[in-house]
Amino acid sequence: MSSQKKISGSEAVVKCLIAEGVEIIYGYPGGAIMPVYDELHKYEDKIHHVLTRHEQGATHSAQGFARISGKVGVAIATSGPGATNLVTGLADAQIDSTPMVCITGQVASHLLGSDAFQETDIVGISTPVTKWNHQITKASDIPNILAKAFYIAKSGRPGPVLIDITKDAQFEMFDFNYSKVTGIRSYKPVPKPQITSLNLAADLINNASKPMIVWGQGVILSEAEKEFLTFVEKTGIPAAWTIMGVSAIPTSHPLNVGMVGMHGNYAPNMLTNECDLLVAIGMRFDDRVTGNLDKYAKQAKVIHFEIDPAEINKNVKADVPVLGDAKETLTKILPLLKSRKHDKWLNNFKKLYKIEYDSVIKNDLFPTKEGLTMGEVIKEINTYTKGNAAVVTDVGQHQMIACRYAEFNKSRSNITSGGLGTMGFALPAAIGAKMACPEREVVAVIGDGGYQMTIQELGTIFQSKVPVKIVVLNNSFLGMVRQWQQLFFEKRYASTELVNPDFTAIAKAYYIKSKKVSKREELATAVEEMIKSKESFFLEVVVEKEANVFPMIPSGAAVSDIRLK
Amino acid sequence: MEKEIKTFTVSIYTENNIGLLNRISAIFQRRHINIESLNSSVSEIKGVYRFTIIVKVTELQIKKIIGQIDKQIEVIKAYYHNEDDTIYQESCLFKIKSSLLFDDRQIQNIIKDSNARIVTVNKEFFVLEKSGRRKEIDNLYDRLNEYGILQFVRSGAVSITKQPMNISEILSEFKN
Numbered sequence: 001m002s003s004q005k006k007i008s009g010s011e012a013v014v015k016c017l018i019a020e021g022v023e024i025i026y027g028y029p030g031g032a033i034m035p036v037y038d039e040l041h042k043y044e045d046k047i048h049h050v051l052t053r054h055e056q057g058a059t060h061s062a063q064g065f066a067r068i069s070g071k072v073g074v075a076i077a078t079s080g081p082g083a084t085n086l087v088t089g090l091a092d093a094q095i096d097s098t099p100m101v102c103i104t105g106q107v108a109s110h111l112l113g114s115d116a117f118q119e120t121d122i123v124g125i126s127t128p129v130t131k132w133n134h135q136i137t138k139a140s141d142i143p144n145i146l147a148k149a150f151y152i153a154k155s156g157r158p159g160p161v162l163i164d165i166t167k168d169a170q171f172e173m174f175d176f177n178y179s180k181v182t183g184i185r186s187y188k189p190v191p192k193p194q195i196t197s198l199n200l201a202a203d204l205i206n207n208a209s210k211p212m213i214v215w216g217q218g219v220i221l222s223e224a225e226k227e228f229l230t231f232v233e234k235t236g237i238p239a240a241w242t243i244m245g246v247s248a249i250p251t252s253h254p255l256n257v258g259m260v261g262m263h264g265n266y267a268p269n270m271l272t273n274e275c276d277l278l279v280a281i282g283m284r285f286d287d288r289v290t291g292n293l294d295k296y297a298k299q300a301k302v303i304h305f306e307i308d309p310a311e312i313n314k315n316v317k318a319d320v321p322v323l324g325d326a327k328e329t330l331t332k333i334l335p336l337l338k339s340r341k342h343d344k345w346l347n348n349f350k351k352l353y354k355i356e357y358d359s360v361i362k363n364d365l366f367p368t369k370e371g372l373t374m375g376e377v378i379k380e381i382n383t384y385t386k387g388n389a390a391v392v393t394d395v396g397q398h399q400m401i402a403c404r405y406a407e408f409n410k411s412r413s414n415i416t417s418g419g420l421g422t423m424g425f426a427l428p429a430a431i432g433a434k435m436a437c438p439e440r441e442v443v444a445v446i447g448d449g450g451y452q453m454t455i456q457e458l459g460t461i462f463q464s465k466v467p468v469k470i471v472v473l474n475n476s477f478l479g480m481v482r483q484w485q486q487l488f489f490e491k492r493y494a495s496t497e498l499v500n501p502d503f504t505a506i507a508k509a510y511y512i513k514s515k516k517v518s519k520r521e522e523l524a525t526a527v528e529e530m531i532k533s534k535e536s537f538f539l540e541v542v543v544e545k546e547a548n549v550f551p552m553i554p555s556g557a558a559v560s561d562i563r564l565k
Numbered sequence: 001m002e003k004e005i006k007t008f009t010v011s012i013y014t015e016n017n018i019g020l021l022n023r024i025s026a027i028f029q030r031r032h033i034n035i036e037s038l039n040s041s042v043s044e045i046k047g048v049y050r051f052t053i054i055v056k057v058t059e060l061q062i063k064k065i066i067g068q069i070d071k072q073i074e075v076i077k078a079y080y081h082n083e084d085d086t087i088y089q090e091s092c093l094f095k096i097k098s099s100l101l102f103d104d105r106q107i108q109n110i111i112k113d114s115n116a117r118i119v120t121v122n123k124e125f126f127v128l129e130k131s132g133r134r135k136e137i138d139n140l141y142d143r144l145n146e147y148g149i150l151q152f153v154r155s156g157a158v159s160i161t162k163q164p165m166n167i168s169e170i171l172s173e174f175k176n
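Chains A and B are the protein sequences, given in the same order.
337 is the number that our numbering gives to position 337 of the first sequence; each next residue is one higher, with no gaps.
122 is the number that our numbering gives to position 122 of the second sequence; each next residue is one higher, with no gaps.
Here chain B stands alone, though its shape is the one from the complex (with noise of 0.2 Å):
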């Protein structure tokens, strides 16, 4: 079990720090791990910040990142989560030519059907919007590429754990 190659989303609670990307990029970098995406942000308490990192690796391999990664100063806690236990949401955006909306009526349907937005038409060009899991955004991707995409670009992934995280009581405990 521990040994199969599985997607882990990895969330990590940290101080705002300069150079702490680089710090935990260079975890995975020593191991010689491909980051699937990584996305940094504030998170629910002032002040601290969430990295939301998505690997392909065995569980063996995750728990002992997990425990490099924790170990940095300026971390307050590093989680791991299968796929299961997470929330989890993608963003994107693609770029078409206007023509094709009413030349091919199809990709009306398209658009539809996959409850993508349309954030902006112009005479050239429209550009559609798409939040959801990995494979929605790569089914709309193949059934759009048929009609040609000038442009596409995706979000990593951003997560919520399922269960409770705790931060608060992590920082309370501290008593400087």
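Just chain A, same shape as in the assembly (with noise of 0.2 Å):
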């Protein structure tokens, strides 16, 4: 694509994202770029710019937006101030590797380092937490540095970019002529796949009697959820997911053994340290899924499918690392692995999930004491929905239940901030969710701290009329840290309690339909009217105060030093 007439910079900073096929940006105006935001105007029947309540929304709502559309989120801010409150958006992007593509306003050229009114050093301060950045100060520079950001946040292992553009950048005029990058000579995004170590790796599996799949989101960054489901199912091998990986199968599938890690299940935790061959397959061993790294699955041979080499060796030895694509190795594997049924060892899964029903699961979604339990609401939104909706989750005790007991028929269906813990995260990335995929049931499911953190997204729902359904599970404290201070530190809770205001009154201020339920028989009703609503709806649910999450591996504790209670 190119054409021949000058344009401003400004100009071609909107023409670069309609080449690149972005039809929603998110953001918030200011001085340094205006420019930009005087074309977004003249191009809106193009580009939907969503004006969110703080910059931070809208890096959430474009991670939201990328997480279940698979497409780069873009989100632009001034300088100074605005460009600093994306920090946390992005360093919440890096670690869950999302792409996303953040434009930034600068100060003019002549001014940069003088101090100057909103000036700051975001290319220094972003550093740490992109995978690219970038100054532009020549107007020139800007079609191929865009396209350089889409590239770089998409391929790969995906990430986010930030581009820094001056307005005197933005002001001057130029030839526009735009190309798309399709490679950079300094950077190979995605390794070639080696056929001994495929080989290797078949010869492994082939030859287990105790094997284990642990699969992370690289399964779903990489499309392969239908060879992935292959893989599965002629090895016969249990697979368990990471808090990132879930619904890139169905939650209801037989082989399907559900999460590691901290806050996981009871049986995949024990086992880990059973199983003979461990294979990773897109995911990087944090530490909330390994906990103690020198008792984790020691006894086992390590298989690892990965794309980005660094994670290789970095937390735990891979005695054969598959290194590519997960599309692409799990292709080129399926040729070399036999049929195999493994149902003696999968009958220890069940054994062990019959144990963790009958001490934790039964208790949390078919409670029989008075207070509500979050998991019962989970289990209430999964009966409306039929496991259809995307379920976006904020931090801490709320998102652990959710993520535990919400089912899944389609991927990318979870959408949490798991790597960083970002609390404020859910209420703007559902919003972004929802508007890529407006088909789509989106349902925000967030604890009353976190909600608070970014609260006055709910501007955003009611001016952009983006039709979400919100549930705040209301235990009138900051949950995770509260359960922590009662296990490891007696109960002292410190500034964990939280006197909350009046959540349905908010709602309605924005003229936002909501409900507020404490009574175990309204659960059910309310939970139908806000899944039936053609609206957003907010829906707050006043929960047993002082519950805890269970299972749980201790920190600095082995996976299978997990307890019950």
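If you're looking for bench data, these hints aren't it; they were derived computationally from the structure.
Do not rely on the hints blindly, as some may be mistaken.
With a cut-off of at most 25 Å between alpha-carbon atoms, the simulated DSS-like pairs for lysine-lysine come out as follows [what the hints assert, rightly or not]:
1) Lys314(A) to Lys56(B)
2) Lys46(B) to Lys314(A)
3) Lys56(B) to Lys317(A)
4) Lys314(A) to Lys63(B)
5) Lys351(A) to Lys565(A)
6) Lys188(A) to Lys71(B)
Join the two chains into one complex using the hints; note that each chain is given alone, in its own frame.
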């Protein structure tokens, strides 16, 4: 695509976005980015700009958009405080490998370094939390740098890119010429799979007697869901997921044995330390997954399917690393694998599930005590969405419960802040997810703490008419921190109790339909009303104040030291 | 073996890019690792730059650090080497009172023995230049320090590896 007519740098920015297929962007205007906003106004029939209520909200909306659609999310902000407000979203996208491009305005180039009004060194600040960043001071650099930004954000292991554009570059007129970037000399996004490692891996898989799969978001990012399902079914290996990987295959699949990690399921955590082969696919052995590394799967051989060479042997030593894009490596290994069944071994998972069910799950989902549990709320959501909704969660107890119990039939349905653990993520992320897939039901499940960190985005939902469903599980505590205080700090509840406002009144003030439930008999009809609503809907559920999330691997303990109470 | 702290030379071939130094040093900073010395210059290939960084870490750490440096977009290739696998030199300058040259003959012998070079002399002071390994420079410093050093400065190490680097091949593999 090219055209030979002098245009301004700011118009070029918008034309580049259009050329990259961007239809929705999230942002907040301000002095140093005004020329771009002026162009966005002219091109509003091609690009829909969503005005969030805070720049952080813009980044999380862009992330929600990216996570559900697989496309690059775009956020835009002004210099100085506008730019620094993007940092949390950038860090979140970096650690959770979310493709995002952030564009910031910057003071005019002759003012750089002079402490000008709203000047901040955002390139310096964002360096450790971006896959790539760059400052543009000449309009003629805009097309190529933005093309690079999209290519880098999306390719290989995805991540966030920040492009900072000085105001004079936005005003400067130049001959616009755009072509997509398809390669960068110093950047190899996808390593070539080695036939020898595929053979070695296949050999281990074909001969293992107690193999176990742990898969992560890599399966989803490489769009390898189909190949992965075939892999699981052909090998017959019980497969467990990390919080970022759930929904790649249906939660109801007979070989899906649940979540690994700190609040994961009992069976896959216990059996991690019993299996003879651990097949890790598109996951990075986060400390919340492994617990104590010195006592993690020491008895097992480890195969690690991974796109990022820096992840190999970073936390867990791989006996056979299989580098490459999961879609390609899984496709290539499939013909090398024997069709097998591991019924006896799978039975061990079922037995341990029964133990977990009796001591934890039953009480979470079918409580007999008076107070409402978070688990039964998720169960009702499952009932009315039939596992077809995208569930967007924040961080804390409600997040663990939602990820443990939510049912998923479709990939890209669990949107959460996994690596960074960003409270305030869910509400704006749900906005982005809903706008990317308007045909899908999007339910945000949020705690009363995190909700108040980005509660102003109710304004975005109201103004932009985004029909997201919001469930706040209100226990009037920062519940996960309180749980740790109870278990490890002798119940000294330092600054974890919240005196909350009337949440339904706040929703009403934004003209959002709302309901508050505190009794079990009201729950099902309230959830039904929420799901059936064509518009956005806010549901507050008052839950048990001092309930704990179990099972739990205490920090520093081995996965097999998982506690049921 | 992998857990013993040793001195490693990190060689990084890069595209020239503002901010890349920041990006590379951040990788050491977040792991709380001190950089012993750092040098950045052009390399044998036109348009390709080379960082030489000396750090004291374990081999386990340096492997992970190299992985994280290597995946930065503008890094063409990063390597680490043991001290034995590199030929490296540092350079330093001493500023010393000129009167000492005449008052104390011993200084002249020190200069001769150490293969140091006098860069300039005037009535007040002379400047001595010495290139060599860290130890040689340390020795010279200790000997001269007995007589008084007005100023001292030492460069970061520059190093050449004994093994070939194959950067040209890596670059020629790239086809846009």
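The hints, checked one at a time:
1. With a CA separation close to 19 Å, the supplied pair Lys314(A) and Lys56(B) stays within the 25 Å bound.
2. Of the supplied pair hints, the one linking Lys46(B) and Lys314(A) is violated, its CA atoms being roughly 34 Å apart against a limit of 25 Å.
3. This hinted pair checks out: Lys56(B) and Lys317(A) have alpha carbons roughly 23 Å apart, not beyond 25 Å.
4. Among the hinted pairs, Lys314(A) with Lys63(B) is consistent with the structure: their alpha-carbon atoms are about 9 Å apart, no more than 25 Å.
5. With a C-alpha separation of about 18 Å, the suggested pair Lys351(A) and Lys565(A) falls inside the 25 Å cut-off, and the hint holds.
6. Distance check on the hinted pair: Lys188(A) and Lys71(B) sit about 8 Å apart at the alpha-carbon level, within 25 Å; holds.
Checked against the numbered hints given earlier, the structure breaks only hint 2 and satisfies all the rest.
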